[in-house]
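One-letter residues, chain by chain:
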Amino acid sequence: MESFEISTRGHESLVDITGQLREAIEASGVEDGLALVYCPHTTGAITINENADPDVPRDILYALDKIAPWQAGYRHTEGNSAAHVKSSLVGSCVQVIVNGGRPLLGTWQSVFFCEFDGPRRRRFQVQVVSATKDSSRNLGVKGVSKET
Amino acid sequence: MESFEISTRGHESLVDITGQLREAIEASGVEDGLALVYCPHTTGAITINENADPDVPRDILYALDKIAPWQAGYRHTEGNSAAHVKSSLVGSCVQVIVNGGRPLLGTWQSVFFCEFDGPRRRRFQVQVVSATKDSSRNLGVKGVSKET
Amino acid sequence: MESFEISTRGHESLVDITGQLREAIEASGVEDGLALVYCPHTTGAITINENADPDVPRDILYALDKIAPWQAGYRHTEGNSAAHVKSSLVGSCVQVIVNGGRPLLGTWQSVFFCEFDGPRRRRFQVQVVSATKDSSRNLGVKGVSKET
Numbered sequence: 001m002e003s004f005e006i007s008t009r010g011h012e013s014l015v016d017i018t019g020q021l022r023e024a025i026e027a028s029g030v031e032d033g034l035a036l037v038y039c040p041h042t043t044g045a046i047t048i049n050e051n052a053d054p055d056v057p058r059d060i061l062y063a064l065d066k067i068a069p070w071q072a073g074y075r076h077t078e079g080n081s082a083a084h085v086k087s088s089l090v091g092s093c094v095q096v097i098v099n100g101g102r103p104l105l106g107t108w109q110s111v112f113f114c115e116f117d118g119p120r121r122r123r124f125q126v127q128v129v130s131a132t133k134d135s136s137r138n139l140g141v142k143g144v145s146k147e148t
Numbered sequence: 001m002e003s004f005e006i007s008t009r010g011h012e013s014l015v016d017i018t019g020q021l022r023e024a025i026e027a028s029g030v031e032d033g034l035a036l037v038y039c040p041h042t043t044g045a046i047t048i049n050e051n052a053d054p055d056v057p058r059d060i061l062y063a064l065d066k067i068a069p070w071q072a073g074y075r076h077t078e079g080n081s082a083a084h085v086k087s088s089l090v091g092s093c094v095q096v097i098v099n100g101g102r103p104l105l106g107t108w109q110s111v112f113f114c115e116f117d118g119p120r121r122r123r124f125q126v127q128v129v130s131a132t133k134d135s136s137r138n139l140g141v142k143g144v145s146k147e148t
Numbered sequence: 001m002e003s004f005e006i007s008t009r010g011h012e013s014l015v016d017i018t019g020q021l022r023e024a025i026e027a028s029g030v031e032d033g034l035a036l037v038y039c040p041h042t043t044g045a046i047t048i049n050e051n052a053d054p055d056v057p058r059d060i061l062y063a064l065d066k067i068a069p070w071q072a073g074y075r076h077t078e079g080n081s082a083a084h085v086k087s088s089l090v091g092s093c094v095q096v097i098v099n100g101g102r103p104l105l106g107t108w109q110s111v112f113f114c115e116f117d118g119p120r121r122r123r124f125q126v127q128v129v130s131a132t133k134d135s136s137r138n139l140g141v142k143g144v145s146k147e148t
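So the protein lines, in turn, are chains A, B and C. 96 is the number that my numbering gives to position 96 of the first sequence; each next residue is one higher, with no gaps. 137 is the number that my numbering gives to position 137 of the second sequence; each next residue is one higher, with no gaps. 97 is the number that my numbering gives to position 97 of the third sequence; each next residue is one higher, with no gaps.
Derived by calculation from the structure, the hints in this document are not laboratory data. Note that this is a predicted model, so its numbers are computed, not measured. Among the clues, some could well be false.
What the hints assert, rightly or not - Below 25 Å or equal to it, Euclidean Cα-Cα: the simulated PhoX-like pairs (lysine-lysine) are: (1) A:Lys66 <-> C:Lys66; (2) B:Lys66 <-> A:Lys66; (3) B:Lys66 <-> C:Lys66.
Claimed, not checked - So these bits of chain B aren't anywhere near chain A, every CB distance computed over 10 Å: (4) Met1; (5) Glu2; (6) Ser3; (7) Glu5; (8) Ser7; (9) Gly10; (10) Ala27; (11) Gly33; (12) Glu50; (13) Lys66; (14) His76; (15) Gly106; (16) Gln109.
Where is the CB? At the ideal position from N, CA and C, for every residue including glycine.
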């Protein structure tokens, strides 16, 4: 398992963490399997979407704010219930397929850490599991053989 | 795989199932891997959020009811389309990382079973997969060695 | 890993892909584990819900259109931000438990590929991971022994 720290900007933000995901998969030595990207914070989430146009993540935050407005008669005294709601709507984790030692992402896909009540210093974890018995990682030998 | 039964209260409810998740992970003998928590019901879901203040799960249900109101011109004759919609919004499963034989949850995170058309007697399952070849489980020897 | 191609109909659609999921699990030879169903497109998603009454998937699309309307003051110049938002709300993947070589679905559950900006020719992938060391797949011997 690999753990990463990031700093989010503004009250709500989507941070592209695709690079860290690639890094964690490479460090695992797993060639064929799956990777879980996990957010341990209850006002945060993980999502996959387009980042070629920065207006896409911006529009996602804008739409989520309409879907779960900050003020809406909530009871939670901390006043950030909308952030908790968004966390459950988007979800605290995503999985991607690991193929040839890399995340099998679509052409337009990036992986984002979402913070809905920032700015904050945050963590996320990546766990990689092999689909084959004799992965390099499991043998403790890195980069010797490639599963196909 | 472990299977659990629960009874939900009221028409909509979030039931904390973190204890059952810990139990299932312990029973698997897996020290390092991931756990899938799965809801086999189409008006239910699984989510991760805060349970320190019971107003957080209450606010989540309140917000979901605004997002997908019970009456909204649906066609499905059973009349519970809003519950099906919420099931797809929240999602029928979550994964958590298993680390040192325990779920790697954030400080404020609990795992919830959600029922959006209750009260009902419901089931959910937990499947645990090891990230290492020589887990206690895989060797059929429990608790002998710990992966690090 | 298995890859599948489908054609979606209409601007928004839910396509039942449960058959392909069963096929991919069977091809993997895994008896006890989990399967990840992954959508590599940023205007698509994967969800699990009821398909006994075709009005359920129809109501889900209808509700999602109210939750994230097509026109809502978005900035993204391609004009399909609502589809990206729905993709993040529903999520780009689901996992199911593999039990006895089959997906452990609830009585009313089907797995759907969702397209929110179609019609399009689309792909999705299924990755299966074993929960036991000596799965048929891992031994490279298919159908010889069954884990229980």
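Hints, verified against the model:
1. Between Lys66 of chain A and Lys66 of chain C the alpha-carbon distance is near 11 Å, which keeps this suggested pair within the 25 Å criterion.
2. Straight-line distance between C-alpha atoms of Lys66 of chain B and Lys66 of chain A comes to about 11 Å, which keeps the hinted pair within the 25 Å bound.
3. A distance of roughly 11 Å separates the Cα atoms of Lys66 of chain B and Lys66 of chain C; the hinted pair therefore holds under the 25 Å criterion.
4. With a least beta-carbon separation of about 16 Å from chain A, Met1 of chain B lies farther than 10 Å from that chain, consistent with its non-interface assignment.
5. For Glu2 of chain B, the requirement that its beta carbon stay farther than 10 Å from each beta carbon of chain A is met, with the minimum near 18 Å.
6. A cut-off of 10 Å between C-beta atoms confirms that Ser3 of chain B is not in contact with chain A; the least separation is 22 Å.
7. The Cβ of Glu5 of chain B lies farther than 10 Å from every Cβ of chain A, with a closest approach of about 23 Å, so its non-interface assignment holds.
8. Under the 10 Å C-beta cut-off, the non-interface status given to Ser7 of chain B relative to chain A holds; the minimum distance is some 22 Å.
9. Against chain A, the non-interface label of Gly10 of chain B holds: every CB pair exceeds 10 Å, the least being about 16 Å.
10. Here Ala27 of chain B stays apart from chain A, with its beta-carbon at least about 19 Å from theirs, past the 10 Å limit.
11. With a least CB separation of 6 Å from chain A, Gly33 of chain B falls inside the 10 Å interface cut-off, contrary to its annotation.
12. Not every C-beta of chain A lies more than 10 Å from that of Glu50 of chain B, the closest at about 4 Å, which undercuts listing it as non-interface.
13. Against chain A, the non-interface label of Lys66 of chain B is violated: not every CB pair exceeds 10 Å, the least being about 7 Å.
14. Even its closest Cβ contact with chain A, about 22 Å, leaves His76 of chain B beyond 10 Å, as expected for a residue assigned away from the interface.
15. Under the 10 Å C-beta cut-off, the non-interface status given to Gly106 of chain B relative to chain A is violated; the minimum distance is some 3 Å.
16. Not every C-beta of chain A lies more than 10 Å from that of Gln109 of chain B, the closest at about 6 Å, which undercuts listing it as non-interface.
In terms of the numbered hints stated before, the structure departs from hints 11, 12, 13, 15, 16, listed from lowest to highest.
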